[in-house]
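Line by line, the protein sequences give chains A and B.
For what it's worth, the working numbering labels the leading residue of the first sequence as 32, then goes sequentially.
For what it's worth, the working numbering labels the leading residue of the second sequence as 36, then goes sequentially.
No lab work stands behind these hints, which were simulated from the structure alone.
Since this is a predicted model, take the numbers as computed values, not measurements.
Built from N, CA and C at the ideal position, the CB exists for glycine as well.
Treat the hints loosely; a few may be bogus.
[To be verified] Quick partial rundown of chain B residues pointing at chain A, CB under 7 Å, derived from the structure:
#1 84
#2 87
#3 88
#4 90
#5 112
#6 133
#7 151
#8 152
In case you want the letters, here they are:
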Amino acid sequence: MTDDAARVSLSVAVPPAVAFEIFTNDIDRWWRRGVKFRHAGRCGGFIRLEPGINGRLFESIDGDAGPHVFEVGRVSAWDPPHLLAFTWRNANFAPNESTLVEVRFAQNGRGTLVSVTHRGWSSLRPDHPARHGREGADFYRMIGLWWGDQMSSLREHTHSIR
Amino acid sequence: MGGATSALVHRLGISDLNASFAALSDATRRDIIRTLVHKPLRAGELAKYVAVSPQALSRHLRVLRKVGLVVEQGLEEDARVRIYSLRPIALEPVQDWLWQVEDLWRRQLQSFKSYAESAHRRRRTRS
């Protein structure tokens, strides 16, 4: 833990090229459904990742007035079968707020180690800046400085005193 | 991870988070924390590491104490000697937040694994 990133990896018994292809092309098939994972929640719809740099990751959500689109982010790195990165915004993010998801596919025996790093949480304000005035600005500035620098030792320290 | 993160933000008491982060918006206060990570110190000792006037130091310590990041205690044999120590537990909401994001991704990757492995098997059987 050296920054504000959430990190998860999992070994998958398919070669990297297949893993990359399924991760991107078939995202709607494996991306979990329900309110926790999709903006569509219980509504119908689909999620799609357009291949290549600047491709969109978006959800099309079925509604009474027809489908509407929520863009989660854009592809910022496209290097099959090794690396995929895209920006990530939740529905409640301010226009200038964004996080970054990086997915690495590494050969692991006959399979692939898939590692997800989701970083940039420190750039988010905790609430709408209008409610906080200058405090909001301080929060932005500080948190960016703070995380990269200190989280590591503090987290270790917390573990050791528990 | 649709509404999950926003729900999370509310559940974790973001006002506490905000106060902690605001307290850390200052370079001197971050220096104080960085120094106290290693061990508790007296104000005099702390002043050797953090280059500010005693007045400024005590002002910064007051801010950090207010949000619970630092605690002040008297020395057992001489209560007038004040010892400052870090209370990193005040940053736990931040850690919990990241752990929950990790949990969501872990569940996504598990779902990806089951789908990818069975799709791969099907394709190999066909070819």
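List of violated hint numbers, smallest to largest: 1, 2, 3, 4 and 5
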